[in-house]
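The task is to assemble the complex, starting from two chains supplied on their own in separate frames and drawing on the hints.
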Amino acid sequence: MSAPTLRVENLRTYFFTRQGVVKAVEDASFSVAPGKILGLVGESGSGKSMTGYSIMGLVDPPGRVVAGRILLRGQDLRSLAPDDMRRVRGKRIAMIFQDPMMTLNPVLRVDTQMVEAIQAHADVSRAAALERSRDALARVGIPSPAARLSAYPHQFSGGMRQRVAIAIALLNQPELIIADEPTTALDVTIQGQILFEMQKLARESGTALLWITHDLSVIAGLADEICVMYAGRIVEHGSVDEVLDAPLHPYTHGLIDSVPSRGRRGEPLRQIPGMTPSLLDLAPGCAFRERCTRADGACAQDPALSAPAAGRQVRCFHPLTQSAIA
Amino acid sequence: MPVFIIRRLLQSVLVLFFMSLVVFVGVYAIGNPVDILINPQADQADIARAIAALGLDKPLAQQYLIFLKQALAGDLGKSFAYDIPAIQLILERMPATLELALLATGMAVLLGIPLGLWAGLAPDSWPGKLIMAGSILGFSLPTFWVGLMLIMVFAVELGWLPSNGRGPSTELLGVAVSFLSWEGIRHLVLPAVNLALFKLSLIIRLTRAGTREALLQDYVKFARAKGLSNARVVGVHVLKNIMIPIVTVIGLEFGSVIAFAIVTESIFAWPGMGKLIIDSIKVLDRPVIVAYLLVIVSLFILINLAVDIVYSLLDPRVRISEAKG
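As they're listed, the protein sequences go chains E and C.
By the working numbering, the letter at position 270 of the first sequence is numbered 270, and the numbering carries on one by one without gaps.
By the working numbering, the letter at position 221 of the second sequence is numbered 221, and the numbering carries on one by one without gaps.
The following block holds chain C by itself, in its conformation from the complex (with noise of 0.2 Å):
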């Protein structure tokens, strides 16, 4: 096991160095700052001295070096908007995004395999069914829709629950939360539904056709035989069989939420790394931008890390293969 995390890891540090490569020509490509960041007015003398000071003036080549050796010595570069180092920005951000993430995975595990279970032992009973059309909307809804309905039913008609920002936070070690607090709690809700229901909708398909499948297996069949309980057949012998798939589409769901949660953290004004990536890329932030990219990729390799790791847990399988490799 050690021997394939380190190896995982090297492999890991190789994808980091493309992704920056293509990441750096590609965000050269979009279009130049210095056009969005500098006053009109300036003269020739001052844009020069601007373009200089960014680093600018440079070939791309020569730019992309200079990024690799300061990247190396964990310096990403400073944000052209903010004029801080855009890794701080990102990381000020993440823990906004990060509590949103885990809030909705944990929501959409937590009641989607339950639910999923359900809809597999019971398909024809009219509970099966209405998980499974309700799973049918979850996914198909648009995200922003939904985010506006919520908004629309829960602050502005009832005005149960605020309907942007993310309110007073609390210290935990160091880092600003929102759970500790009532209040904070009443502000994550809504924009941790709006993004739990599309992998809800998920998770619970994904249990349900494994469950289906489980069930008629030999192994089941001879589970009962056996006199176990109905909670031991389900809770052990299908669970443990179809937790694989549901592990690996958590792990990417996760990452993309993280990554991705552009939409919801817009709509409800959440003040996460999706608000900030896309602030950044409407004035072109290079340096945020590539920062940004490189610290969810890295994030990425990490969650399939894990998720390998539970693969050889859930499955004895695996861990002989890997042993042979």
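Isolated chain E, as found in the complex (with noise of 0.2 Å):
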């Protein structure tokens, strides 16, 4: 395996409220290998978007990225300073959000907002920066792209305004692609178009993808490996196949399990009892404990990360068994 593009190690997300600290993220550690993709999954408020966030860097107060490294081929972006750490934003990694519609600033036209993106990083004449965004508008799809330089988001549809901000964040051939639920907002069609794309993309430039989502479907045809994350904590990881055939977590089990299949038709769907726990002030021990069957009196102590298996790590006390999944 080749080196990592991004290696995150013991990444702490705080934030400081006047209620208390938010912990985020809590001690992530994953990393990411060119042309590869890594699925991120877990619930809303898991901590997946703040991840991607503590990476770009744009943390906003009162959060803060608190403790740990992230190496983007080995440099760390924690030690930069800000006019540096803005110059690896867009360029190096670039980073795609969850809802199309809010995404591109809806007074300014499409290739003024690709424009400043390549003038942002490069000393690059308008002509040419209009000639690359024309032909990355092109490569995302998006039929008679020249003209559509000049148009306003407003005149695009939910899926290709979706393509629009993909084609920005390809626009300087970043090295790593945090996409942040990118499909969540759009039919199942474009969503099957655009994981299409994406994959391609990985597979043929080197690029590296952070994919983060809820959706376990879109990650079990995407990613090369998952990370699944419950109250801030990565509590298991390991290839897609290995953790969605035998999840060892039992959270990840039950998030499996929500999935209504056809062969469970007529059946009461199945789902976690109780929800997430607030993240302020949460007490130590497993977080998942107050929804776990298999809890006990020795949940109450933080697990660690172990590893079972070549490549696999879970972080529980009781990780299910392949028997005990059957």
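Worth double-checking, as some hints may not be accurate.
Unchecked claim - Take a look, some chain C residues computed to stay more than 12 Å from chain E by CB distance:
no.: 1; residue: P142
no.: 2; residue: V156
no.: 3; residue: L293
Said to hold, decoys possible - Simulated restraints, written as ranges between beta carbons of each label pair:
no.: 4; chain 1: E; residue 1: G206; chain 2: C; residue 2: T248; range: 44 to 54 Å
no.: 5; chain 1: C; residue 1: L102; chain 2: E; residue 2: A81; range: 42 to 52 Å
no.: 6; chain 1: E; residue 1: S239; chain 2: C; residue 2: I136; range: 51 to 61 Å
no.: 7; chain 1: C; residue 1: A209; chain 2: E; residue 2: E290; range: 35 to 45 Å
Said to hold, decoys possible - With the C-beta cut set under 10 Å, the calculated list includes, among others, these residues of chain E facing chain C:
no.: 8; residue: Y53
no.: 9; residue: P61
no.: 10; residue: P82
no.: 11; residue: D83
no.: 12; residue: R86
no.: 13; residue: I96
no.: 14; residue: F97
no.: 15; residue: L104
no.: 16; residue: N105
no.: 17; residue: P106
no.: 18; residue: R109
no.: 19; residue: A117
no.: 20; residue: A169
Derived from the structure by calculation, the hints contain no laboratory data.
None of the values given here were measured: they were computed from a predicted structure.
For every residue, glycine included, the Cβ atom is placed at its ideal position computed from N, Cα and C.
As structure tokens, then:
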């Protein structure tokens, strides 16, 4: 395996609010290799988006990355001066957001928004930047890209807008793209097209992809590896096939079980009982124990990340075994 | 766009017509100018002659029709008090008021938007809090009191600036203006500051609220994720989005500064339209009151038209819906 594009070690992002400290990301470690796709899965509020913002250096106050290392090809991004970090954003790491209706500025033309992304990082003439923008739009499958450049975002459909956002992310050939639920707001056929394009892109250009989502079915067909997050912690990590076929953490198992399937038609849909805990002053111990059928006294302690098999990690005292699932 | 402007101007004619009707009836209702204008010692025949000369002997409907006929020919009647055309009286005073209003609005915009941005970008810093506290004072202190305090401090105690009048004016394209001479500027400062204070506070608060809201939007985060500099994110992405409410308020406030700078003009004895309308109301100088209000309504119509045009420049979505309508 080649050297990872991104390596995150023991990342902690806390929010210092008046009510107390919210530990949005607690001790997260993972890495993404060039051309590979890592899926970061979790419910709303599990800290998956905040992990993405932490890598980008875009955590808004009162939040702050308090510990850990974020290594982009070995260079620690946390040690960079603000202006050097600005030069990394959009150039070496690009990010795509969830809602394409909201990510493009409604009062600026598409060409303005694309050209500025190029000119922020390179001394390029407007004509050359426009040409690159047009090619980028063509690459993501926007018909008559030259004419569409002078349009405003509201003149595009949702799917087309997300393509524009992806085209902007691709403009500077980034080494890493962080995609924060980019297909959640789109309908299924558009979602399929965009997933296909992104997968092709990662394979062809060697771009590493960090794909943040709550949707296991998207991850199943797209990612190479998967990290499951719960209450700010990574609770399980492994290759997509292994984790989805044989989850070790009870939470992962619950998530997979919650996906309606044809085999169980007519039965009540399964769900994980209870709700995600508030991250505000979370008590020590496994954050999932209140909702877990396997929890016992031992779970009042913080479980450590263990590696039961090669390439697999789980944060649980009572991991499921192959037989327990059946 | 041209169709839109023409349609708006036609609507404006209708507005002016109804406006003139309301004002005419209203002014008729508030009292009889003859009681004030004519020497109490005059005999009955003199009084009747004076009433006939002013055209006040006819019934209201007929008076209005005569007024309308003359107005369409561009004649809004002669001032009872000065015996010169009302419109001429107003236009003579207008440059003084316009100059004051432009300066006050300019100060409010040029200071208000940067200060509002600052307070919106750093709401918890002490300059941010100070700006907000100042803006609360700015629009809760009554204008007349602030005006008197300005005179007390800067004219009476410190003696830096003159307390009243317009000072010597210079001719610019046939119009008397103050801002071209040092002495004129010294006379302009206090009334302009007095007038600007309220608008400044309003613009600060609007800009701050808009900025704080815009900063939470995904497009700002996306712009930052593109690696844009802070100056570009704030100066282009944020500012262009929050300008619509600000432009609306600037337009309305500019109109109201021109029309109702009465308090400030009275305190600083500024020879503008505000003082003229107060004096005219005191002597029930009907033609001047009617003409003044018509001029003001026309100004408001023009300002609103300008604001609508600026909207469509700022927000592409406004442009599209216009083309459809």
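Quick check: which numbered hints come out false for this structure?
-> none
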